[in-house]
Amino acid sequence: MHDSQVWQLNHVGRRTALKLCATLGGLAALGGGSGILHAATDSSGVGSAAERIVTTSCHVNCGSRCVLRAHVANNIITRIETDDSGDDAYGMHQVRACLRGRSMRKRVYAPERLKYPMIRTGKRGEGKFKRVSWDEALDAIAVKMKDIKERFGNEAFYLNYCTGNLGGRVSKSWPPAQTPVARLMNCWGGYLNHYGTYSTAQIAMAMPYLYGSNMGNAISDIVSSKLVVMFGNNPASTRMSGGGIIHDLLVAREKSDVRLIVVDPTFTDTAAVADEWIAIRPGTDAALCAAIAHVLIGEGLADQRFLDTYCVGFDEEHMPAGMPANSSYKAYVLGQGPDGQAKTPDWAATICGVPAETIVRLARQIGQAKPCCISQGWGPQRHSNGEDACRAIAMLAVLTGNVGIAGGNTGAREGGFLIPFALFPTLTNPVKDEISVFMWTDAIMRGQEMTALRDGVHNRDRLKAPIKFIWNYAGNALVNQHADINRTAAILGDESKCEMIVVHENFMTPSARFADILLPGTTNLEENDFTVSEAASEMAYAIFAHKVIEPLFESRDIYDTCADLAGRLGVRDQFTEGRTRDQWLQYLLEQSRPNVPGLPATLDDAWKMGVVKVKNPGAPFVAYKTFRDDPVANPLTTPSGKIEIFSKRLWDIGHSWELPEGDRIPAVPEFTGEPEGYLSPRRSQFPLQLVTFHYKQRTHSTYGNVPWLKEVAPQELWINPIDAGQRAIRHGDSVRVFNDRGTSVIAAKVTPRVMPGVVLLPEGAWYAPDAEGHDHAGSANMLTTQHPSPLAKGNPQHSSLVEVARA
Amino acid sequence: MLKHPAFHIDIATCTGCKTCMIACKDKNDLADGVKWRRVSEYAGGGWVQRNDNTLTQDVFAYYISVACNHCEEPICVSVCPTTAMHKDESGIVLVDASKCIGCHYCEWACPYRAPQYNAAAGVMTKCNFCIDFQREGKPPACVAACPTRSLTFGEYEALKKQFGESALIAPLPDPAITKPNLFVTPGRTAKPMGSASGSIRNPEEV
Amino acid sequence: MFGTEWPLVIFTILVQMSVGLLIVSELACLTGGAAARDLLKGREFFSLVLGVAGLLFSFGHLGTPTHSPFAILNLAHSWLSREILCTSAFLGCLVVLTITRHIVLFRAFSRLVAAVAGLLGLATIFVMSRVYMIVTVPAWNSPATLLNFVGAALLLGALATGLLACSRWSGESNGEARSPIARIMSLVLLFAALGLVAKFIEIPVSLFAGLATNARGVSATSALLTDGLGPYVLQVVLLIVGTALFVHVAATVMRGNVVLLSLLGTGALFVALAGEVLGRFVFFNMHVLIGL
Ligand SMILES: Nc1nc2c(c(=O)[nH]1)N[C@H]1C(S)=C(S)[C@@H](COP(=O)(O)OP(=O)(O)OC[C@H]3O[C@@H](n4cnc5c(=O)[nH]c(N)nc54)[C@H](O)[C@@H]3O)O[C@H]1N2
Ligand SMILES: Nc1nc2c(c(=O)[nH]1)N[C@H]1C(S)=C(S)[C@@H](COP(=O)(O)OP(=O)(O)OC[C@H]3O[C@@H](n4cnc5c(=O)[nH]c(N)nc54)[C@H](O)[C@@H]3O)O[C@H]1N2
Ligand code: SF4
Ligand code: SF4
Ligand code: SF4
Ligand code: SF4
Ligand code: SF4
Ligand SMILES: [Mo]
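Protein chains in written order, with the working numbering: chain F, 1 to 807; chain U, 1 to 206; chain L, 1 to 292.
If we strip away everything but chain F, and leave its shape as in the complex, we get:
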């Protein structure tokens, strides 16, 4: 649920989102049946008695959602195939799973599967548990919940960021407000919510200051582009489904043969199919973009008419009232602002590493290609200056007037085509307090000290209670995916602070080891659910994922777990409204039918149907098209209704928030330094910039225990031959990656595909500490910092300085 439109779904509210989806897809215009393909792939009950083929899905948090067809014999999965329906013609194409989905049975049958409910016996995090019955486990949870509620109130209950079951409808694990756990808590007084995501904290916070929201054109829209420049966007690795973005991208590119430039510290798998790679130092995109702006302005390539009509704050003539002179973006770029530094290509080159002549050439290409698609992934924003980086990149689209037109883009990540399938209703949360997704460890340590102005607490000036109880359903951010594992482990290790942690999981993950009560969850192949497409451009779909096998061991699904707990808390009837899980699914079908054409009548029909696909009846989605067409009639949702290059709101925040030394919140997209960036003095001690990118072996930590995947895409530290040579490291050597927060030991991949001065350790490997606390799995968060970004208070997990040595 991280796509730009869906961002609206979380932040603007469901009704707007449904409306938005409908407009996007022009679904109202869709006659029943046309452009809809029902892929009858489920052969349960037919065919040979020995083997059945059941349609299910992979719906972990990779942004894609895929069709899996499980072959089952005697309640054992023997093979996993994917969508093979139709002739694969684009628009009704097959939703082909990636390598991970195809290895699903290895995950279902992994030796790390949790078998029984367990209660912690050793110290927290030690991983010592004893087996108990479900009743004992749920009783223990209920008793503690009542106790904590009495002492601290519902504000002390936190639903941690958990995206393991992102694609489910009933079993959905994030955002918290859409989960069965939220429904349970809402029946019982509410919980402390979080805003933002580990994925998009900075960009989702910052872009609305520029545009009012965070939307981008569909990737398929590049059929109309003359040039595509992708900043830190690697759909070949992060949008791998053959039903989604990477396929959309390649199909569109085949049609238009448009030139594709990738700007990234890494020669990514997307760069492998692109036309040019421009290597940039992490965290310096804003410098590069300022220099490009300098060339565009200097050479008359900026679209002055667009800037005058649609924007605020480009130049001194279009500033909000009452701002000091020379605060405009143009003044910043030309060096007329307070820093007095003209953002010339020469200035930027020494910072970002891109030669000045390349910057000039890139600027001219961007300025001359009409239209030009500027897009970014979420790599540039997962930095401690990410709020500025993402707006700076978007500025290229604004300066060249590429916003709101086909073939252009906003500079944000690609949008797509969605169907408004109903969500599991979770009632409303009586508690309004929210913290940033990244600040929960602080909320355990110093809850009541956290304030709105200092820590970004929403809807309350100061937190009412520290976090005392954590729900962790289908997530590994309790330890593995949150930054600075050693600090997290220390905070969680203090049992007097957070008093109870409940983990509902499939495996004995690093996070599961920190549970007080450990509940074995069903995998999605052991339950009925629906999953709806997310990151796809021209075809949306819903997969009716039929239970493939009976739950293994004593595992139970989250709905039944919450229902039983609701009983113990005296709210069972409110929770279930008399419905079973399947009855809720039936309910969702009925709720969705008016909005999504072609849905089946009954669950049985749904299981037989397997997948429903809806082809985008219109042109590829263009963000802010109505605004571009008529800015007066269709203003943006910014205060001025225009694109706010200078944001008065940010100006105010920058002048009122209490920020730690060195942090800044500029009103225009400036280049700001990072505590752990290329320009940071800390680099004398830890000279290498670490990027923890998203890798094909895993979806975060999910699938991280599948040997097949480790075999074909092993975890390695990527290091340039120059840096490796200086450290006498050869390909395959075991190396130590370390800084003052921790050490991780892993094999080196010596490759020219990462620029000198930068190393890569893909995020998500399962933290495996030795007796000294050194990790031996290459778990990236041994090295990352919990110092949040200034505005979003988000996770800067691509901003860490490290040193590497032979192990």
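If you're looking for bench data, these hints aren't it; they were derived computationally from the structure. Errors might be hidden in some of the hints.
[Said to hold, decoys possible] Listed next, the in silico DSSO-like pairs over lysine-lysine satisfying Cα-Cα at most 30 Å (straight line):
#, chain 1, residue 1, chain 2, residue 2
1, F, K255, U, K161
2, F, K106, F, K710
3, U, K138, F, K615
[As the list claims (entries may be wrong)] Here are some chain L residues the structure puts well away from chain U; computed CB gaps all over 10 Å:
#, residue
4, G63
5, S88
6, I103
7, R168
8, F208
9, A223
10, G228
11, G230
By construction, the Cβ of each residue, glycine as well, lies at the ideal position given by its N, Cα and C atoms.
Got chain F; can you put chains U and L with the ligands on it based on the hints?
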């Protein structure tokens, strides 16, 4: 079933995702370490660090997914002492496990590293072009899996008409050695066969 | 380096030694007359034992030895089939030779049989080298492989012949060049020297052949000179030391001093053998495929 099946791989769109490898492992339930299909990462180029803290580079990388090419002149077949390795009527090169002595000789000789030893069974194994699927009129598992549709298969003559002779692309060996039934669409940065400008950078994966 | 191919290392060396022993010892008997035949009595049997032992070890390399009868089905194309056939024929011939030498009635044939065995032995070594001369393995696919195997046969065969003779020799030669032991030893020295020459031609030729860099950026030679350098140098040293030791033994024998003869002879053989074994491991590690 095709008369003369051959693979085609489009290097210009292959993202090296390795779904083809896993689809094959799942279909054939391959043991750890046994990879009937392998995706090689061919990369090269270098870096210059300049005095003004900037960098220039001419780095390139591309992937190439190869299984067995069911060659016209299969060296694996000619070296095999037992005739366990053989080319059947359909042109597909297969191992007869009831004859194989597990001598590794085919593995030593095949320049595509297609023969993959199954230590538990003591015999050589390799891609069988999903002959069972083909007989049912279905595409091979790896082909049906490819998310980018880069990997395809088809009738040799048709593919030849479409793509011409086997491309002489690094890191592939000289096709004259075994006459592989493999067609390649080179990508933007493809280097000629035998080029020393790059090398296979993921030996641990293939 | 020493993990994988040891059954083949032992197989190839023992069979080559077997062939060498047969050829050198038969030639020694041809030139040395009855006294030499006495000193080298049972030579065909020792040869047989070495060859059979080698063959048995080769099974250690097979995944499914029970299928080995199928291994001669591809004589039309496969050098490995031919190798198995040749080796078996050679060993079969040695069995016949052993029998004919023991049964008076057949003695007349034994010379013919020995000649056939010698030729089969040579063929075996030739075919064996062709097994490894695979077009896709540049470091193996050169005349060096044949030289390597021939050299090993001559050197080890010569040393084995000498050892056999020394261990039987109880008289004194008084430095007389025409004494049986001296004649055997000069022949042995000649063949050992030939073997060494073959080796020292083979080494640079194979290094040169191994220079070809494959697509993984690896060449057999560079791999050898980096990771495999220790065993490689040691191999050369051992070959030289073993042969030198043997020259010393031979000289001692010719001067009529039999003290420690056997001990030194055995030592020399084992030193050279160790060199060959190391060298063979090095050889198998030079399997660097072209292509992917
Ligand atoms: N250093 C670094 N860290 C990062 C990032 C980075 O770029 N760098 N990226 C961040 C981002 S963008 C994200 S989204 C987060 C993701 O972090 P998480 O949300 O923690 O995602 P996963 O690691 O996939 O963990 C999901 C867990 O859910 C479990 N699970 C899956 N399905 C089910 C189910 O049906 N039932 C139950 N009970 N459990 C299930 C899985 O076994 C797995 O342990 O990581 C963040 N962490
Ligand atoms: N295979 C796979 N796919 C996934 C996931 C996964 O774990 N595995 N996770 C999913 C989730 S939840 C998310 S949020 C998305 C994440 O999607 P992204 O955040 O876009 O993915 P990342 O790999 O973190 O970063 C993308 C690229 O940004 C580059 N980058 C990093 N820092 C900078 C910078 O400062 N400037 C520039 N120009 N580039 C930079 C990285 O090198 C990387 O190539 O991926 C989703 N897809
Ligand atoms: S991990 Fe993502 S792309 Fe891969 S199969 Fe699962 S949902 Fe599809
Ligand atoms: S599945 Fe397709 S894109 Fe992926 S590695 Fe294989 S051939 Fe390439
Ligand atoms: S690719 Fe190798 S194994 Fe396959 S037929 Fe050709 S030579 Fe034989
Ligand atoms: S391993 Fe089996 S198939 Fe390969 S050459 Fe030996 S006998 Fe033939
Ligand atoms: S054709 Fe079948 S056996 Fe061959 S690589 Fe593809 S999936 Fe594997
Ligand atoms: Mo994410």
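Quick rundown of the hints versus the structure:
A C-alpha spacing of about 22 Å is found between K255(F) and K161(U), which places the hinted pair at or below 30 Å, so the restraint holds. For the given pair, K106(F) sits about 12 Å from K710(F) by alpha-carbon distance, which is consistent with the 30 Å threshold. With a C-alpha separation of about 26 Å, the suggested pair K138(U) and K615(F) falls inside the 30 Å cut-off, and the hint holds. In this structure G63(L) is not separated from chain U by more than 10 Å, as the shortest Cβ-Cβ distance comes to only about 2 Å.
For S88(L), the requirement that its beta carbon stay farther than 10 Å from each beta carbon of chain U is met, with the minimum near 12 Å. Separation of I103(L) from chain U is adequate, the least Cβ-Cβ distance of about 35 Å exceeding the 10 Å criterion. With a least beta-carbon separation of about 40 Å from chain U, R168(L) lies farther than 10 Å from that chain, consistent with its non-interface assignment. With a least beta-carbon separation of about 18 Å from chain U, F208(L) lies farther than 10 Å from that chain, consistent with its non-interface assignment.
With 10 Å as the threshold on Cβ separation, the claim that A223(L) sits away from chain U holds: the shortest Cβ distance comes to roughly 12 Å. Every CB of chain U lies more than 10 Å from the CB of G228(L), the least distance being 17 Å, so the non-interface label holds. Every CB of chain U lies more than 10 Å from the CB of G230(L), the least distance being 23 Å, so the non-interface label holds.
The structure fails hint 4 only (numbered hints given earlier).
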